[in-house]
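*Asks:* Sequence:
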Amino acid sequence: MKYRTHHCGKLRLSDTGQQVTLSGWVQKTRDLGGMTFIDLRDRYGITQLVFNMKTDPALCEQARELGREYVITAAGQVAERSNKNPNLPTGDIEIIVNSLQILNPAEIPPFTIEDQSDGGDELRMKYRYLDLRRPPLQRNLMLRHRMAQIIRRYLDDQGFLEIETPVLIKSTPEGARDFVVPSRLHAGRFYALPQSPQIFKQLLMVSGYDRYMQIVKCFRDEDLRADRQPEFTQIDCEMSFVTQEDILETFEGLAKELFNKVLHVEIHGEFQKITYEQAINIYGSDKPDLRFGMQIRELTAEVSNSEFQVFNQAEYVGGICAPGAAGFSRKQLAPLTDYVKTPQIGAKGLIYVKYNENQTFKSSVDKFFDGPALQIWADHFDAQPGDLLLIMSGEREQTLKALGTLRLEMASRLDLIKPDHYVPLWVVDFPLFEWNEEAQRFTAMHHPFTAPKPEDIPLLDQDPGKAHANAYDLVVNGVEIGGGSIRIHDAALQEKLFEALGFSPEEARERFGFLMDAFQYGAPPHGGIAFGFDRWVALFAGLGSIRDVIAFPKNNMARDVMMESPASLNDSQLNELGIRIRKK
RNA sequence: GGUCACGUAGUUCAAUCGGUUAGAAUGCCGGCCUGUCACGCCGGAGGUUGCGAGUUCGAGUCUCGUCGUGACCGCCA
Numbered sequence: 001m002k003y004r005t006h007h008c009g010k011l012r013l014s015d016t017g018q019q020v021t022l023s024g025w026v027q028k029t030r031d032l033g034g035m036t037f038i039d040l041r042d043r044y045g046i047t048q049l050v051f052n053m054k055t056d057p058a059l060c061e062q063a064r065e066l067g068r069e070y071v072i073t074a075a076g077q078v079a080e081r082s083n084k085n086p087n088l089p090t091g092d093i094e095i096i097v098n099s100l101q102i103l104n105p106a107e108i109p110p111f112t113i114e115d116q117s118d119g120g121d122e123l124r125m126k127y128r129y130l131d132l133r134r135p136p137l138q139r140n141l142m143l144r145h146r147m148a149q150i151i152r153r154y155l156d157d158q159g160f161l162e163i164e165t166p167v168l169i170k171s172t173p174e175g176a177r178d179f180v181v182p183s184r185l186h187a188g189r190f191y192a193l194p195q196s197p198q199i200f201k202q203l204l205m206v207s208g209y210d211r212y213m214q215i216v217k218c219f220r221d222e223d224l225r226a227d228r229q230p231e232f233t234q235i236d237c238e239m240s241f242v243t244q245e246d247i248l249e250t251f252e253g254l255a256k257e258l259f260n261k262v263l264h265v266e267i268h269g270e271f272q273k274i275t276y277e278q279a280i281n282i283y284g285s286d287k288p289d290l291r292f293g294m295q296i297r298e299l300t301a302e303v304s305n306s307e308f309q310v311f312n313q314a315e316y317v318g319g320i321c322a323p324g325a326a327g328f329s330r331k332q333l334a335p336l337t338d339y340v341k342t343p344q345i346g347a348k349g350l351i352y353v354k355y356n357e358n359q360t361f362k363s364s365v366d367k368f369f370d371g372p373a374l375q376i377w378a379d380h381f382d383a384q385p386g387d388l389l390l391i392m393s394g395e396r397e398q399t400l401k402a403l404g405t406l407r408l409e410m411a412s413r414l415d416l417i418k419p420d421h422y423v424p425l426w427v428v429d430f431p432l433f434e435w436n437e438e439a440q441r442f443t444a445m446h447h448p449f450t451a452p453k454p455e456d457i458p459l460l461d462q463d464p465g466k467a468h469a470n471a472y473d474l475v476v477n478g479v480e481i482g483g484g485s486i487r488i489h490d491a492a493l494q495e496k497l498f499e500a501l502g503f504s505p506e507e508a509r510e511r512f513g514f515l516m517d518a519f520q521y522g523a524p525p526h527g528g529i530a531f532g533f534d535r536w537v538a539l540f541a542g543l544g545s546i547r548d549v550i551a552f553p554k555n556n557m558a559r560d561v562m563m564e565s566p567a568s569l570n571d572s573q574l575n576e577l578g579i580r581i582r583k584k
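Heads up: the first sequence runs through residues 1 to 584, numbered per the numbering used here.
Just so you know, these hints were derived from the structure itself, not from any lab.
Each residue gets a CB set at the ideal place from its N, CA and C atoms; glycine is no exception.
Take the hints with a grain of salt, since some may be wrong.
[Claimed, not checked] If you anchor each label on the Cβ, the simulated ranges turn out as follows:
#1 A491 - P166: 19 to 27 Å
#2 P135 - L168: 36 to 44 Å
#3 N555 - Q313: 53 to 61 Å
#4 N555 - L263: 48 to 56 Å
#5 G544 - S99: 21 to 29 Å
#6 E249 - K466: 27 to 35 Å
#7 I376 - Q313: 18 to 26 Å
Could you put the whole structure together from the sequences, leaning on the hints where they help?
*Replies:* Next up, the structure:
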């Protein structure tokens, strides 16, 4: 027998009269008594089957017994409908069925398999294989597939080779926590799963594969978020004999290709570039959303000589100008103040200045600042009558960060963010190091193989915190899509960096000796980039969470609630691995 | 490690200030129905209010603990 001659999205009016066979899932039965309609679904669409009590009562009775999600094969003749359904691509036709076979009955599913399911997140995750039957999820996975194809083709055209790297590797001291795999053949030793193929792609450069790419799983044992999974997919790339400019140009091309082919969005001209420092000062974030303005402006100098102690004692005073928001009532301002004072944001307070339409001012600091003083502030923000200034003060870094969060919050409250609007940009000149309070030492901001800017190499000894790197991120609409750097290709400089990061020479040798050895044998200058593929797909799908662009994701406790992983091992497995579980 | 929210019928939700028999929609089951496509109409079944303790004359509602789910902070080179 033949299961199908066509799929369920295929048949049109022009196929009328054909004898066809379709297979799929019963989406819905509509039993009218004398006749029964069945919507048959596969991943291509829905086709209506029709059964008539008058022409074939036995078959019609059989059709009435079908439940939701039964898997069936139906054969029959394509016929024009007397009542057409304009909402369905196949809505002009139906199949007058003359043979029906149940391939597999189905339990009643715990939620509806429709565009808008009635099921909650928890239930849909537990029955992920049912959720994946729904068209929105199928569209997401198809989008993901299509983007992967475009990426491979584009990079192939550019001469990149896709080369696989190992998944069982060695734990490295820097960066995220490693997922670890015990070795049976070497009891007491462990592999680690790669946080990224970083070292391997650099070794491939040493080996002369001057353009490498891979769409590859990476693993990080850290706490999860809506846009973070313990295993996730990177578009991992590396190039030799290139400058930062060469890399940005190449991958700007990739980004434009994806925008164009997938979203039909044409991005004209070069992507904006701003430095890390600018991003922090103007947007309070290293991944700014440039779909709207409302830039942060510093006011520290302007407010320094007042009676207002809060400002006088602050390292930093700054704010944003919310356009047209002077009409905010007390009822709207109070929750905003509460919002910035939540522990997550950690601001001490929020000062507002209403620049009224009649050019007067009303502020929460009227006691300390008169009209002319506030006018200076307003001018500083290029505020128009009708705007609302929101000011915060405190420690510089923390206040900028809080202002950045407030900026996003206000944009959403004022509805300033247009969907289907995309503003990509490069954030460049990241600091080489950041101070880690917990470890009381510098850690690499990007990773320990990132090259310092040549002019900053002397700073490694004098003031490492001030050194910048040839490191860059691609940011779109406030989402960090990818990042990379020019790498160190000199063994001596690499050694110096390990030293700056606080590794003893022995430690560096133990962990990365093979890399430094490799650099002794003719390492080309090289650099690269890695993109968060899941995030990129989610961005294009218009989703805030990457879960729905991953077929089988984990929940926010890193559990797979469908298969119930992670799970215990039995004693014989543990014995074989030489592992004993410590109680509590 | 921390903060917050939620957990009631298969499902999505409701239940006033702590008050009497925990409701609705949808799904499900049965019946009727020949042009439906959110089919319609009639009827029916369906509940350990996540779990445990406490306060109270009385707890879905308040308190504590616990488990689960989600969001965020820390963390994520």
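*Asks:* Please go over all the hints and tell whether each is borne out by the structure.
*Replies:* Structure-based check of all given hints:
Against the hinted window of 19 to 27 Å, the Cβ-Cβ separation of A491 and P166 comes to about 23 Å, which satisfies the hint. Look at P135 against L168: about 38 Å separates their beta carbons, and that is inside 36 to 44 Å. The hinted range of 53 to 61 Å is not satisfied by N555 and Q313, whose Cβ atoms lie roughly 45 Å apart. A C-beta distance of roughly 29 Å is found between N555 and L263, which places it outside the suggested range of 48 to 56 Å.
Hint check: G544 to S99, Cβ distance near 47 Å, so the stated range 21 to 29 Å is violated. One distance hint, 27 to 35 Å for the beta-carbon pair E249 and K466, holds here, with the actual separation near 29 Å. Range check, I376 to Q313: about 20 Å between beta-carbon atoms, so the 18 to 26 Å window is met.
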